[in-house]
Amino acid sequence: MSLNKDDLKKIRFFDNYTEEQLSVIAGLSSIRDFQVKEILFEQYDELSELFVLLEGTLSLGISLATEKRIHLGTIEEGQLFSWSAVFAPYISTAWVMAITPAKVIAIDSKKLNLKIEADCDFGFKTMSKIAQTISHRLSDTRFQLMNQMII
Amino acid sequence: MTIDRNIYKPFRAKLTDVIEESPLIKTFVLVPEEEFSFNTGQFIELSVDGIGEAPFTPSSSPVVTEKLEVTVMKTGYVTEFMHNLKPGVFMGIRGPYGRGYPVEKFFGKEVLILGGGCGLAPIRSLLYALENVKDKLEKVILCYGSKTPSDCIYKPLFTRLNKIEKFEAYRTVDKAEEGWNESVGVVTTLLNKVKINLKNSVAVVCGPPIMMKFGTIRLLEMGYKDDEIYLSMEKNMSCGLGKCGHCMMGEFFVCKHGPVFTYKELKETPDIWK
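Residue numbers (our numbering), protein chains in the order written: chain X, 1 to 151; chain R, 1 to 274.
Treat each hint with caution, since some may be false.
As the list claims (entries may be wrong) - Lysine-lysine pairs mimicking DSS-like chemistry, simulated, CA-CA at most 27 Å apart: (1) X/K68 x R/K147; (2) X/K10 x R/K264; (3) R/K105 x R/K134; (4) R/K175 x X/K9; (5) R/K134 x R/K195; (6) X/K129 x X/K10; (7) R/K193 x X/K103; (8) R/K199 x X/K10; (9) R/K199 x X/K9; (10) R/K136 x R/K264; (11) X/K103 x R/K195; (12) R/K109 x X/K10; (13) R/K136 x R/K225; (14) X/K125 x R/K199; (15) X/K129 x R/K199; (16) X/K37 x R/K193; (17) R/K193 x X/K10; (18) X/K9 x R/K139; (19) R/K105 x R/K193; (20) X/K9 x R/K105; (21) R/K166 x X/K10; (22) R/K193 x X/K129; (23) R/K193 x R/K175; (24) R/K213 x X/K129; (25) R/K147 x X/K37; (26) X/K129 x R/K195; (27) X/K129 x R/K225.
Hints were generated in silico from the structure; no laboratory data involved.
The following block holds chain R by itself, in its conformation from the complex (with noise of 0.2 Å):
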């Protein structure tokens, strides 16, 4: 599905729009000038003229090629310059890069899905491909976990997961604010109210390093094998080739080995959590 480019050289996007999805996260809506496409779970280089670049995981459906949603969470040099972008502004983008998620082997299975705070973005966009072949899967269930309501993100995507046949989407909140009526705790509390065939399942976790622990730990308790389990690393990458060794994780590069992983890949790898 990718397509043949030289991989070093960022292309231009035009940025047509900017929603707000949290005080902290926005989504950047980009109009590749040249064809595009990724697989989901694979991330891209995004640049901003004399400022620098980042890699971020798309948030779209890989199915749409004409545009393509990136969202980014305030952190840093590169995000804080990224939000106070104006639509109409050219951005730069190389790649895509990596391995995503293997949605070929989700077929046939249920789907049990742990995201935690911006790790939803590569999420929504797992969601999007899984939509688009739910025939033949059995069933997909989300689980998401923020800090509080308001940062919380994609708030009109678990309406709508929930009016899709197959899927199921739940919420919850580390703290609760007025009006809040749905769950209150950590992200793991969500698993004690779904309903899966063990026998017949994989995860996928992503979402900070603290929440990914936790949510490895709850699953393998509940019976998940190792290589049932789908880690999405995304963290410390920084050229995205595999070249600068920034993102190194015992014997794998995240950028080019990953940023997907099984759990049975990198169980040995000493502190994939921090």
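The shape of chain X in the complex, shown without the other chains (with noise of 0.2 Å):
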């Protein structure tokens, strides 16, 4: 399923954008659906898609060489997640499950750096937003393990 740039401004995460720099978005997306328990990626998958949740909620984890699945958290709403498909060498740091049915916009992650890489002021923006998400999920990460440390 298509979707426009009137879908992309009720999100969070698509606020500063230029009208213009929606319609490239809208353009490189798609909305995917997910069933409840159904993976969207596996840790160590190649990434070819930078996904922005819609609806619903997931769960993010690691896997460990037992291939026990250890749930570190949920993603929210406006949330973005897999931001390895940005970056070389592509490879998921973590799974992730629907835990309700979710609606998920999904971004062709090639032809998303080839825009960043053509336009400074677009490549900025999204670099900048790709790189809080990350801050966040390392002081997060930070917080969750000092907690873990007290008890």
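Dock chain to chain to rebuild the complex, using the hints, since each chain is given by itself in its own frame.
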């Protein structure tokens, strides 16, 4: 299912983009639906799409060598995930599974990277948003780690 | 709103009910024998004859004066003894002491509240106070985190808050258990989903030091100004009167100048998160 720039305007992640830039993103995007317990991608999968959660709740986690899934946290509506799709080696650092029926915006990351390289303003905005997501993920992980250390 | 009385002298209060909130946390319902009132965020010294006393911030509504609720986590000698008390016994109350939440300053604004663990106790009192003046507020959002669903206190509170106009409440746990269908992750992850007008908002943070540190950092990152973040420090308080120095934090006595401070007041103070 395709989407247009007005669909993107409703999502906080896409704040600050110009109309033209939103149209570009919409052109690279599609909407995908996932059922409960459906895996969006596995840890170590090669990724080619950057995702933003539109509806539902997802679980993000890592797998141990024993193949046991460790659930680290939930992804909430409006959040970006699968940032590894934008950076070499494009390998996922975690798995993501739907825990409710979910609707996701999938952005073609190869085409997005070409646009990032070609348009400085678009590239800066996009990279800032992705960096902020990674920064929050890192900060939350430290917070979680310190919580565990105190126990 | 406080009543003129000898601040050094405890008065009696009858324990009428004990509510188990989580394996380590209980709420004690007390009926004071003297007229008593407090401002939300102020604290009291609660004593058990022959055992000792400890400071607690009431978790009940400041508007309800006939009874008082105090939520206590079992952490030491006095609190362990308290956890074994049964309704019918008498306890001592000194106070109220300190500076609570400046609720009037929240009028016309959106209030974002971040709570963790037993830090929800003072926040519950604040929520009751805000509910009482909700017509003067734009919105109240509570984000609360606990270690596990079993550690989450005041479980019915969240359902209730989500039914009140202008109120929203979200919960998360560090580690989910069977049947949990809400968020998983530290409390700051909930900030991804709240919609708040930062130009007209204040934030309140209360919880364990680590949570307060990471919560405050994230709020600053979101765009809150130093004087728009209220921190309920509640640590190391002992005498409650600014005499013993136990709670001294830089130039402040937490018990006397706080326990509620703005981040602006404390940001130059060393080791505020310890």
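- Query: Hint numbers the structure violates, sorted upward?
  - Reply: 2, 4, 20
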